[in-house]
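In case you want the letters, here they are:
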Amino acid sequence: MTAGLWTNWLLPGVWITIQLTLYSAVFAAVVAFGIGMARTSRLWIVRFLTGFYVEVFRGTSALVLMFWLFFVMPLAFHYQLVPMWAAVLALGLTYGAYGSEIVRGAIAAVAPAQREAAIALSFTPAQRMRRVILPQAIPEMIPPFNNLLIELLKATALVSAVSVADITFAAQLSRLATGDSLQIYAIILVLYFVLAFVLTRLMRLLERRAKAGIGQAPVTSGKGPLLTRKLSARQETEQSSNTITAGGAQ
Amino acid sequence: MNWNWDVAKDFLPELGKGLLITLEATALGSVLAFALGLVWAMAFRSPTRFVRWPVAAVVEFIRNTPLLVQLFFFYYVLPTWDIKFSALTTGVIALGLHYSTYTAEVYRAGIDGVPKGQWEAATALSLSRRRTWTAVILPQAIRRVVPALGNYVIAMLKDSPMLALIGVVDMLQKARAEGASSFQYIEPYTMVGIAFIVIAYPASLLMRALERRLGH
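Respectively, the protein sequence lines represent chains A and B. For the record, in the first sequence the residue sitting at position 180 is 180 according to the UniProt record's numbering, with numbers rising by one throughout. For the record, in the second sequence the residue sitting at position 6 is 6 according to the UniProt record's numbering, with numbers rising by one throughout.
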């Protein structure tokens, strides 16, 4: 292996990928909660607009959106984003739309009696959401969010197409320099897998704590594989259509 | 916003050609994903762990690493082993292989959902292993996961623009070529984006209807 490969290209690339994943995940989470809660609004216009947003961003391709933000926005609106932020915007908007369905599903899955009890105690709608609904909905959101986070991590590889120097971009450069495709691509595939594994472990930790917070035992996934959760046919359908009523909520 | 309808009109035939390639890649990728996924799902139930474990490990690895990198892997590494495919074929293989790890989980869920009594009945009727799968288990398992499989076809459609990055002349590549030759970026990219929504949205409505129809 070439000596400078790790220090000059791959390590900075790993750092960029981690940053991209974190920023996009935070942005996507804000979008997901905002849109997801707005979709339960009583005003039809709010429901319509947020529904429109979700269908548009779930309908289009993240890569096309990224190219659009990168090439079209500067021309059409005379407003140019730094490539990194164009990428974060594209990923955040796309995965925020997917995530909002998770939020909506988990909120809808909270027992109606809980909502009614909060109304009977004359909580304001904001208190109801913050004190009663969300604390019960959030633990249910974590497993599907985990899957979505892995998808997001994988999608960060797309940014190499708009010349953000992430791991994939570093691999391209290094392939051009050394011509050793097998070695370099094998290394970065393993790197992505390790990152996905670490993210999953962190999310499992978060899930255990969130579930303990509302007095539920952690899910014993048993002899499952490392990353992918075993879902029932119904949950697979829900996951694939992203109208997930949260991992274990049955 | 300076939208030019003439540019849009000129780009339309190109978009049409690109669309055909996009649909071709999605269709062929789906066939591969459906077939390979079934192979993985049946291997998950293999009686010997020397089959189960390696297959599970490979599936996990492919599923949790980016499709784009796998695409590059196939495109740049296979020729060094003297395996030469066209860009489209490489793209279809990568797309199909990647999504086969998703369909494998879908089939697995469907197969797990078949009541145990069905297996026992097949044994009691002394059906061969082959007949048990093809005549008893799979028809019941696949029926309930058709909507999930359909949703992954839509997901593949939305991932297919990645093939442009290895030079497949799909819709996105047509838009890139248009931008490179005429410096018109606004119309081609916007039209490609809209084309995806126009295809994916009705398709997802169809899958939702199918889901209700098949009823869980």
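Take these hints with a grain of salt, some might be off.
[As the list claims (entries may be wrong)] Some, not all, of what chain B presents toward chain A, calculated at C-beta under 7 Å:
1. Phe61
2. Val69
3. Phe73
4. Leu78
5. Asp82
6. Val145
7. Pro161
8. Phe183
9. Gln184
10. Leu205
11. Ala209
[Stated by the list, open to error] Where chain A lies over chain B, by a calculated footprint (3+ residues, C-beta under 8 Å):
12. 17–30
13. 172–182
[To be verified] Have a look at the derived ranges for each label pair, beta carbon to beta carbon:
14. B:Ser126 / A:Thr178: 44 to 50 Å
15. A:Pro12 / B:Phe85: 28 to 34 Å
16. B:Leu206 / A:Arg47: 20 to 26 Å
17. B:Ser46 / A:Ala111: 28 to 34 Å
18. B:Val51 / A:Gln216: 35 to 41 Å
19. A:Gln216 / B:Lys116: 26 to 32 Å
20. B:Phe85 / A:Ala177: 22 to 28 Å
21. A:Leu11 / B:Ala35: 38 to 44 Å
22. B:Val198 / A:Ala113: 50 to 56 Å
23. A:Phe48 / B:Pro115: 53 to 59 Å
24. B:Asp112 / A:Phe77: 46 to 52 Å
25. B:Ser46 / A:Gly213: 36 to 42 Å
What the hints contain is simulated information worked out from the structure, not anything from laboratory work. C-beta: ideal position from N, C-alpha, C; glycine also.
message: Hints numbered earlier in the text: which of these fail when held up against the supplied structure?
response: 4, 5, 8, 9, 10, 11, 12, 14, 17, 22, 23
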